[in-house]
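Asks: So the chains spell out like this:
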Amino acid sequence: MRLQKATAFALYAVLELAADPGRQMTAVEIAEKYGISTHHLAKVLRDLGRAGLVAAVRGVGGGYRFAGNAKRLTLMDVVRLFEDTSAGSDLSAAEARQEIAQGLYFVLHEIDDQTAATLRSISLTTMLKLIARRPWDAGMRSAAAALARSPAP
Amino acid sequence: MARTPRQRSTVEAAIRPARASDLAPVIALDSETTGLAKPEYWHEMFQRCARNGFFLVAADEARLLGFVAGEVRAWEFGSPPCGWVFAVQVRPGSRQAGLGSRLFAALCEAFRAAGVDRVRTMLAREDTVIHAFFRSQGMTAGPFIQLESRLD
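Read top to bottom, the protein sequences are chains A and B. Just so we're aligned: 129 in our numbering is position 129 of the first sequence, and the numbers increase by one with no gaps anywhere. Just so we're aligned: 226 in our numbering is position 73 of the second sequence, and the numbers increase by one with no gaps anywhere.
Treat the hints as calculated values from the structure; they're not laboratory data. These numbers come from a predicted model, not from an experiment. Keep in mind that a hint or two might mislead.
Unchecked claim - Rough simulated footprint, nothing fancy, chain B against chain A, three-plus residues with beta-carbon under 8 Å:
1) 115-121
2) 130-139
As the list claims (entries may be wrong) - So, partial list: chain A residues that the calculated Cβ filter (under 10 Å) puts toward chain B:
3) 71
4) 74
5) 125
6) 126
7) 127
Even glycine gets a Cβ: it sits at the ideal position worked out from N, Cα and C.
Between the sequences and the hints, there should be enough to build the whole structure, so can you do that?
Replies: Written out as structure tokens, the structure is:
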């Protein structure tokens, strides 16, 4: 799955702030940490603020802090603010009459269903725990071991 | 001072192997939770776990608060032996107090003692509550894909 830039930026910001709800970070601090556009992130943070997920803190040392319930908010709650997550296709009327197009979108719908169920099942707290556990390291270790076993070219 | 459900469950509930007398409240809890009474299924599951699996309950002095069931399966779908979780349920009024996590941890400990280093389960895609529970326990997508077909 490929996320829109705004969605990825929103997830970075929300998870970064939810990791330490007492901490405030500016858009510049978050943008510099992830090497992303401050201008674009600032717009995303305003959207997150309107949705009640983050709160702007004014004044010296201001910035944003997490304002949601990390145990209740899921990745889907963030993603749906920036992406169209509704089921359906962009088929034209002519395409929709064709069995090949219907079959193709049946399979794509299956993938979307799986994606949506996964995003709905992962709360921000669960995501932060997963990040702390770094399960992807095991995958990298397996890949490195497989590479070491493979014969040299 | 009134105690919260969290305190009551965390302090007073014990996790222990199921007894024959637990079967009726297990059937009642499942029926209450799922809306389907399946006494024959649970009788069979109870006997199956007694032979070759683990059926654990969380209970205080008065009543059963939850249960978990599973077994070690070997070479199913070519997989080395691993633990399978069949079911985990907690009484609605006792949720959000860590009981499900304690039941799951106890089952994982039983699996470890049985010599396996991996635990697996399967669940309905639309069951967000149980999906979120297993995710919160650190479970992620495994290497298998579940497929099905109508038998017309």
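Asks: Does the interface hint hold: is residue 74 of chain A within less than 10 Å of chain B, judged Cβ to Cβ?
Replies: Nearest chain B Cβ about 8 Å off; hint holds.
Asks: Under 8 Å between beta-carbons, do enough residues of the stretch 115-121 of chain A, three at least, approach chain B for the coverage claim to hold?
Replies: It holds, with 4 qualifying residues against the three required.
Asks: Can you verify the interface hint for residue 126 of chain A: is its Cβ closer than 10 Å to any Cβ in chain B?
Replies: Nearest chain B Cβ about 5 Å off; hint holds.
Asks: Does residue 127 of chain A pass the interface check with chain B, least Cβ-Cβ distance below 10 Å?
Replies: 9 Å, holds
Asks: Quick one, is the residue 71 of chain A hint okay against chain B at 10 Å, beta carbons?
Replies: Constraint on residue 71 of chain A satisfied, holds at 9 Å.
Asks: Are three or more residues of the stretch 130-139 of chain A within 8 Å, CB to CB, of chain B?
Replies: holds (count 3)
Asks: Close enough to count: is the Cβ of residue 125 of chain A nearer than 10 Å to one in chain B?
Replies: Since chain B brings a Cβ to about 7 Å from residue 125 of chain A, closer than 10 Å, the hint holds.
Hint check: no violations occur; every hint is consistent with the structure.
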